[in-house]
Structure formats: structure tokens, C-alpha cells
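J.: As they're listed, the protein sequences go chains A and B. Going letter by letter, the first sequence gives residues 4 to 116 in the numbering used here. Going letter by letter, the second sequence gives residues 144 to 255 in the numbering used here.
Hints are all accurate, no fakes.
Derived lysine-lysine pairs resembling DSS-like cross-links, with alpha carbons at most 27 Å apart:
#1 A:K58 / A:K74
#2 A:K6 / B:K197
#3 B:K247 / A:K60
#4 A:K74 / A:K6
Some but not every residue of chain B turned toward chain A, in silico, with C-beta under 7 Å:
#5 N174
#6 Y191
#7 A240
#8 G242
#9 K247
Read the hints as simulated data drawn from the structure, not as lab findings. Quick reminder that beta carbons are idealized off the backbone N, C-alpha and C, glycines included.
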Amino acid sequence: DVKVTQSSRYLVKRTGEKVFLECVQDMDHENMFWYRQDPGLGLRLIYFSYDVKMKEKGDIPEGYSVSREKKERFSLILESASTNQTSMYLCASSSGTNSYEQYFGPGTRLTVT
Amino acid sequence: GIQVEQSPPDLILQEGANSTLRCNFSDSVNNLQWFHQNPWGQLINLFYIPSGTKQNGRLSATTVATERYSLLYISSSQTTDSGVYFCAVERYSGGGADGLTFGKGTHLIIQP
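Work out the full structure, taking the sequences as your base and the hints as a guide.
T.: What follows is the structure, encoded as C-alpha cells:
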């Protein structure tokens with residue numbers, strides 16, 4: 004079974020803090036993604052990566068950066084957290100060779116106060 | 144970008160009833176998935192179905208790619224089927240992944 008794990012289920016941070024959200028997949032997948040989910044706005048793509056050290060902007064990259072130093076790990080970085088980044092963050096991965104089916108982690112509910 | 148519309152937005156049914164959820168999309172796609180979001184927020188994969196028909200127990204799905212829609216069927220509903228169902232599509236660019244575009248979801252409530 005594909006397993007995607009995220010470092011925290013719940014996280015509370017203060018405005019202006021630097022925040023790291025970590026995602027790890029155990030299936031040697033090429034592609035990894037970060038989404039956020041907000042009531043009324045649905046799920047939106049922030050960034051994705053199709054290879055180590057490669058990244059592509061999604062629909063809402065402002066205020067975020069990403070890092071992929073190893074194939075299995077994809078980090079989302081909030082350089083200076085703001086209250087409008089309070090959200091549910093979901094990480095996903097897909098093979099990219101045999102299939103493009105995406106598998107999601109359990110999510111991190113981030114609150115910025 | 145691609146637009147994804149799901150209908151109905153809300154659906155309340157009695158246990159044992161059958162239901163059909165619809166997903167329309169505005170352009171050709173390479174990937175279409177159906178998810179069920181559990182109460183804790185995790186997205187559970189139901190079907191990976193860019194075209195054709197698949198069945199898994201009481202659930203089945205059909206995608207007619209040429210007409211740009213997909214249907215999710217739930218038969219003999221159980222209370223555990225309650226939750227939000229999402230349709231999501233992906234159109235590859237340059238031969239590679241491009242991220243999923245999600246519909247707003249169908250909120251399904253199954254009453255005992």
C-alpha cells in the first residue's frame with residue numbers, strides 16, 4: 004500500500020514565524036504535491052515537484068516555498084506565517100511512470116495566531 | 144484552467160437508497176479521480192478513472208471522456224458512506240503531472 008505521511012496532524016504557530024510542513028512517501032514516487040483546503044474555496048494546488056530539486060508553482064504559491072532534497076521528502080515552507088495561512092494542508096504523491104493516480108497524506112491542520 | 148463542477152452539492156438519503164453523483168469538466172483530461180473525505184480530513188481514493196467503468200463493491204464509476212463527465216454510483220447506502228465526495232482532474236503539461244483541480248464536492252448524508 005502507498006503510504007504518505009505528514010509530520011504533524013495539528014500545528015499552532017504565531018504570526019511571523021517560519022513554519023516547516025514535512026511530507027514523506029514510501030513508494031519511490033516521482034511526483035509530489037502540496038494543496039490547501041479552505042471552507043468555501045475548496046482544495047487548491049500550492050506547489051508540486053516532479054523530481055528531486057525540481058519545483059513548479061501551482062495556483063496559489065504566494066507566501067510559500069518548497070524544498071525537495073530527497074526523492075521521498077517534500078517540504079512546504081511558510082517563510083513568515085500569516086493568519087490567512089490558517090488552513091488544512093494536504094500532501095500527495097504519484098508515480099508518474101505507471102500511473103498518475105495521486106495518494107494523499109492525512110493532512111496538517113495549521114492555525115496561525 | 145480546467146473547470147470542474149459537481150452535482151448535487153448536497154444530498155440526503157435514507158439508508159439503503161442508491162445515489163448518483165455527477166462531475167462535469169471543461170476540457171480534455173489525462174487523470175480523473177474520485178475521493179471520499181473522512182471526518183478527520185483525509186482523502187480516501189475511491190477510483191482512478193480517466194475513462195471507462197470500474198466497480199468496487201457497492202461503488203462504481205463511469206467516465207465518458209468524449210463528453211467530459213463522470214458519474215459515481217453508490218448502491219445500498221450505509222451511514223458510513225456519509226461525508227464529502229470529491230471529483231478531481233488533471234491535465235498533463237509537457238508530458239508530466241500538473242496537479243489536480245478539484246470540484247467543490249458533494250456532501251452526502253445517509254440517515255438511518
